[in-house]
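J.: Same order as they appear, the protein sequences are chains W and S. So that you can map any letter, position 115 of the first sequence is 115 in full-length UniProt numbering, and since no number is skipped, the others follow by simple counting. So that you can map any letter, position 175 of the second sequence is 175 in full-length UniProt numbering, and since no number is skipped, the others follow by simple counting.
No wet-lab data here; the hints were simulated from the structure. It should be emphasised that the depicted structure is a prediction, and the values quoted were computed from it without experimental measurement. Warning: the hint list may mix true and false statements.
Here are the computed distance ranges between Cβ atoms for each label pair [to be verified]:
hint	chain 1	residue 1	chain 2	residue 2	range
1	S	G211	W	V388	40 to 48 Å
2	W	Q370	S	E66	32 to 40 Å
3	S	F102	W	K140	33 to 41 Å
Rough simulated footprint, nothing fancy, chain W against chain S, three-plus residues with beta-carbon under 8 Å [unchecked claim]:
hint	stretch
4	75 to 83
5	129 to 140
Even for Gly, the Cβ is constructed at its ideal location relative to N, Cα and C.
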Amino acid sequence: MKFGRGAEKETEMDELPYVKSRSVSSLPCSELGDGSYGETPQAHWFHTLQVRRLRVHRGRSNSDPLGGKSFQQEFQWNTGLQFGTATSYLNLEKLGEGTYATVYKGISRINGHLVALKVIRTKTEEGVPFTAIREASLLKGLKHANIVLLHDIIHTRESLTFVFEYVQTDLAQYLTQHPGGLNPYNVRIFMFQLVRGLSYIHGHRILHRDLKPQNLLISYLGELKLADFGLARSKSIPCQTYSAEVVTLWYRPPDVLLGSTDYSTALDIWGAGCIFIEMLQGAPAFPGVADVFEQLQKIWAVLGVPTEENWPGVSQLPNYKPEWFLPCKPKQFRDVWKRLAQLPYKTEDLAMQMLLAIPRERISAQDALQHPYFNTLPTPLLQLRDTVSVFKVPGVRLEAEARDIFSPTRRIKSSLVPLAKCW
Amino acid sequence: MEVARTSQDRSQAADAAKGGVSQEIKTHFRVCRFIIETGVKLGMRSMPVSTACALYHKFFKTASLEVYEPYLVAMSSIYLAGKVEEQHLRTRDIINVCHRFFRPGTEPMELDGKFWELRDSVVQCELLILRQLNFQVAFEHPHKYLLHYLVSVRNLVNRHAWARAPIAETAWALLKDCYHGSICVRHPPQHLALAVLYLAVQSYGLEMPSGELEWWQALCDDISGKEIEDIMSELLKLYDMEAKCM
Numbered sequence: 001m002k003f004g005r006g007a008e009k010e011t012e013m014d015e016l017p018y019v020k021s022r023s024v025s026s027l028p029c030s031e032l033g034d035g036s037y038g039e040t041p042q043a044h045w046f047h048t049l050q051v052r053r054l055r056v057h058r059g060r061s062n063s064d065p066l067g068g069k070s071f072q073q074e075f076q077w078n079t080g081l082q083f084g085t086a087t088s089y090l091n092l093e094k095l096g097e098g099t100y101a102t103v104y105k106g107i108s109r110i111n112g113h114l115v116a117l118k119v120i121r122t123k124t125e126e127g128v129p130f131t132a133i134r135e136a137s138l139l140k141g142l143k144h145a146n147i148v149l150l151h152d153i154i155h156t157r158e159s160l161t162f163v164f165e166y167v168q169t170d171l172a173q174y175l176t177q178h179p180g181g182l183n184p185y186n187v188r189i190f191m192f193q194l195v196r197g198l199s200y201i202h203g204h205r206i207l208h209r210d211l212k213p214q215n216l217l218i219s220y221l222g223e224l225k226l227a228d229f230g231l232a233r234s235k236s237i238p239c240q241t242y243s244a245e246v247v248t249l250w251y252r253p254p255d256v257l258l259g260s261t262d263y264s265t266a267l268d269i270w271g272a273g274c275i276f277i278e279m280l281q282g283a284p285a286f287p288g289v290a291d292v293f294e295q296l297q298k299i300w301a302v303l304g305v306p307t308e309e310n311w312p313g314v315s316q317l318p319n320y321k322p323e324w325f326l327p328c329k330p331k332q333f334r335d336v337w338k339r340l341a342q343l344p345y346k347t348e349d350l351a352m353q354m355l356l357a358i359p360r361e362r363i364s365a366q367d368a369l370q371h372p373y374f375n376t377l378p379t380p381l382l383q384l385r386d387t388v389s390v391f392k393v394p395g396v397r398l399e400a401e402a403r404d405i406f407s408p409t410r411r412i413k414s415s416l417v418p419l420a421k422c423w
Numbered sequence: 001m002e003v004a005r006t007s008q009d010r011s012q013a014a015d016a017a018k019g020g021v022s023q024e025i026k027t028h029f030r031v032c033r034f035i036i037e038t039g040v041k042l043g044m045r046s047m048p049v050s051t052a053c054a055l056y057h058k059f060f061k062t063a064s065l066e067v068y069e070p071y072l073v074a075m076s077s078i079y080l081a082g083k084v085e086e087q088h089l090r091t092r093d094i095i096n097v098c099h100r101f102f103r104p105g106t107e108p109m110e111l112d113g114k115f116w117e118l119r120d121s122v123v124q125c126e127l128l129i130l131r132q133l134n135f136q137v138a139f140e141h142p143h144k145y146l147l148h149y150l151v152s153v154r155n156l157v158n159r160h161a162w163a164r165a166p167i168a169e170t171a172w173a174l175l176k177d178c179y180h181g182s183i184c185v186r187h188p189p190q191h192l193a194l195a196v197l198y199l200a201v202q203s204y205g206l207e208m209p210s211g212e213l214e215w216w217q218a219l220c221d222d223i224s225g226k227e228i229e230d231i232m233s234e235l236l237k238l239y240d241m242e243a244k245c246m
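Given these sequences and hints, build the entire structure.
T.: Rendered as structure tokens:
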């Protein structure tokens, strides 16, 4: 399975669609290994698709740098290859499968960078899925350190492949690997990056609409990147009403649960607030089941049942039910989520401002960046250019997680390692 | 089904290649009229219709009429615009409405091989448009700017004068008509919005307050009087063309 310089001719973009690409569809992937831990690294591992070695890397803590190993140098990259052609990428293993796309880990044969290849099937009755169209058209206009980077788009006859930068893990997995709540210092760094990313997309009049830990990618350094813009859309003034079925229930704000369709940037802020609590607490803020009403009950249990007095217009919303007038008083966040009680008040204050029931009262991403909660971070963070990572600022780095289940001091049998996604 | 109807356009396109540019523009004018009419019949909102026209014009900015069938590109533009603007349309509805446009008074197409072929063409052509436009298919339209400018202008002028002249309706109609030609994709949305408002204000002879700045400079500071004139004259040419080619 070796490939060498010039083994594949470079293909013009126009001829390509009719060539069933070797690198995208015909290479076997992932089933090769089952993770034999602790192998010595091989210099040319990518020649022979040593998938098992990648599993070793993935199995480790994410707060550890990837061993700092450089994968190549001796290998001569094929400089004749171009962007936009399938032969320029080699796919290594399957990372996951969505409704309309399959995601593979891959490697660019142009520059040796790891990439994530999102292969979208287009041979369907409906043509290119609308989520794919929106994701590509929106991401093309976004260049920011906290937004996943779309490198390239490849067209072949059966499929369309989006080439993204490869990011090692996501927040959902990070939370699984560090149970019981994250280090509050790291939460602040993640939260700052999340709000920074939101501030950028909201500034470009784009809503993400589908925030959840699975969609926040985390690099080994701790860089957080918003991903999966399939449900995102450009927001323009004046707002039209959007389709109501969007955010995953747990991260959905009460106004949307109540059937409001004129939502705006406050929608993403609520989601970010829920993720904030989840990072601190180690458990979702409002874990409902599948039902909108149960989800609302979970929220009312903390915020109190809204009334026409404290939320004018609430009774006009489609899913509003008068029988909620059962007593359900607002509670202190620190009484509901115990970790907040152990932290300075400004943490709770930011959470409260993000998780306000009335959408227009929720803090904006722009204002949240200025919140005292972030005061302890180095001030140059606020002056960074869009494309510069927060970790470029001296003194910004992740601290060790208190409960790192992969840390050498708390060794667990490797069979217990949760492989939430296939690595 | 398009072939019969568009052989005229095709020969004109061939003519255009030899000399006159106007034949090509006439074809685009007719096809855009087709997109807008089809959009109305399909119950599309104005944003998806505008996006469909913009997609069509952007596509033919770099593609040749001799190579691509304009009505097929138009159908795929409508389909794609529905996805981009979240007003999803079914290919079958688009095909039926278009069939009725080309063959008025006939029965809908049979669901035979020809129908499926046509549907596959529409879906394939969608991908072609996406590639040609490099996936940049989310546009910022001038409508929202026009709305904001209208609110500002209403506050600048005499209340009675405003009530007598249908400025908003006229400007809105002018803006919609921009989409018959490629001006809709050649100018920034703010400039288009301002130019149609300017034309509407001029047409009704509405008196605007004068000061150090022209009234329109207060609304949009990166446009010159010359640019407004240019957009207006392009738009007026489109109206001139309507008489010649519909």
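J.: Are at least 3 residues of the stretch 129 to 140 of chain S within less than 8 Å of chain W when you compare beta carbons?
T.: With 8 residues in contact (Cβ-Cβ under 8 Å with chain W), the coverage given for the stretch 129 to 140 of chain S holds.
J.: Within 32 to 40 Å: is that where the Cβ-Cβ distance between Q370 of chain W and E66 of chain S falls?
T.: Because 58 Å falls outside the window, the suggested range is violated.
J.: Take a look at whether the Cβ-Cβ distance between F102 of chain S and K140 of chain W falls inside 33 to 41 Å.
T.: holds, 35 Å
J.: Given that the stretch 75 to 83 of chain S was listed as covered by chain W, double-check it with a C-beta distance under 8 Å for 3 or more residues.
T.: Coverage by chain W holds for the stretch 75 to 83 of chain S (3 residues, Cβ < 8 Å).
J.: Can you tell me whether the CB distance of G211 of chain S to V388 of chain W sits inside 40 to 48 Å?
T.: holds, 44 Å
When the structure is compared with the earlier hints, a violation turns up for hint 2 alone.
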